[in-house]
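Q: Sequence:
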Amino acid sequence: MPPASALLDWYDAHRRSLPWRAPAGAIADPYHVWISEVMLQQTTVTAVIPYYHRFLERFPTVEALARAPLDDVLAVWSGLGYYSRARNLYRCAQELAALGRFPRDVDSLRALPGIGAYTSAAIAAIAFGAPVVPVDGNVERIAARVFAVEAPLPAARKLIAKKAATLNREKEARARPSDFAQALFDLGAGVCTPRTPACMTCPWNEACAARQQGLQGDLPRKAPKAQRPTRYGAHFLLVDPSGRFLLRRRPEEGLLGGTMEMPGAPWRDVSWSAEEASGYRPMKDRSSKLSWTPAGRVKHVFTHFTLFVDLYAARSLVALNPADDDGVFLSGEDISRMGMSSLMIKCLENAMYAMTKGG
DNA sequence: TAATCGTGGTA
DNA sequence: TTACCAAGATT
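Read in order, the letters of the first sequence are residues 1 to 359 in the UniProt record's numbering.
These aren't lab readings, by the way, just hints derived from the structure by calculation. Check the hints yourself; a few may be wrong.
[Unchecked claim] Straight-line C-alpha distance at most 30 angstroms; calculated DSSO-like pairs for lysine-lysine: (1) 222 x 289; (2) 225 x 162; (3) 163 x 225; (4) 284 x 225; (5) 222 x 163; (6) 357 x 299.
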């Protein structure tokens, strides 16, 4: 078993200073821990930091978050991805506000929206000093190496988690649950890295079974991933005389849920011809005089598929009244107050550029 | 159990 | 350029 004291000594000397972390020896604010942990799900520290600052400035407390409109939350979240996190964060804020305080134990936290096995343990350990080991990707990797688990992920996940839970058996670890958890994060982020781990500077190198067997760079093993399919869409940028854009809201559930998009054709596995796509032009029976022109193609990579979007643009010389299913005309200022995905921002920018250049 | 769900950085 | 990766949750 690797010595907890060695890890904690290393942490005391090398801990990262991060916006959501309390100073050494202080207790972190559970609200700050919660927001940061949700933002950090499948997201790098570098990407999160500016979002975290803006979020805390706009929503300083649970109460402020709970009484804000959901659109405000999605607006601040725009570009961070996995938008169900923002919706669950909002739902969770309502429940917390009703409760009047933060639950302090893992099981109560685990029952809240958007808080799963990892996040409940992380909040309990970091904000409330519960003697638990939150198992994220870092801890999973560290445990797989320290105990030389050669079975591949994701099948070995439960086994690795079980072994990771034994890392804090010593009293030194259980005396400092918050520091112990964050020490594991920092070790995984800076020393026990996925590729070419820096074993020479690792406080656990002598106890590491993978290193003893020369396997440290090969663990954790991972099952091969299926290749990413390609899908195709077509979207339409319509600009009115005052420079506003026609946008509609995507369904609350599913991909990019609740964010705004340009109207268009559904995404499918074969490309849309211009003729086919024209059937999905907005304002079809409300304005026959619109002149649609091709406005480029955008490539966007999601986790589970690659998307190519054909763009078309038109500028109306007269004010238009869109039908409900066409969407609404919004100014840039309006858009900044609502959620918009990186994909749609990219599409909007490209179509605008193509239209400006073309006419 | 296996899919679904974003994005930007890096080797 | 492709492939992989990041403090996972939900269904």
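Q: Taking the hints in turn, state whether each one holds.
A: Evaluation of the provided hints:
A C-alpha spacing of about 56 angstroms is found between residue 222 and residue 289, which places the hinted pair above 30 angstroms, so the restraint is violated. Proximity of residue 225 to residue 162 is assessed by CA-CA distance (about 24 angstroms); at most 30 angstroms being required, the pair is judged to hold. Taken as a hint, the residue 163 and residue 225 pair is honoured in the structure, with Cα atoms around 25 angstroms apart against an allowance of 30 angstroms. For the hint linking residue 284 to residue 225, the alpha-carbon distance of about 43 angstroms lies beyond 30 angstroms, and the restraint is violated.
About 18 angstroms separates the Cα atoms of residue 222 and residue 163, which keeps this hinted pair within 30 angstroms; it holds. Among the hinted pairs, residue 357 with residue 299 is consistent with the structure: their alpha-carbon atoms are about 20 angstroms apart, no more than 30 angstroms.
The structure fails hints 1, 4 (numbered hints given earlier, in ascending order).
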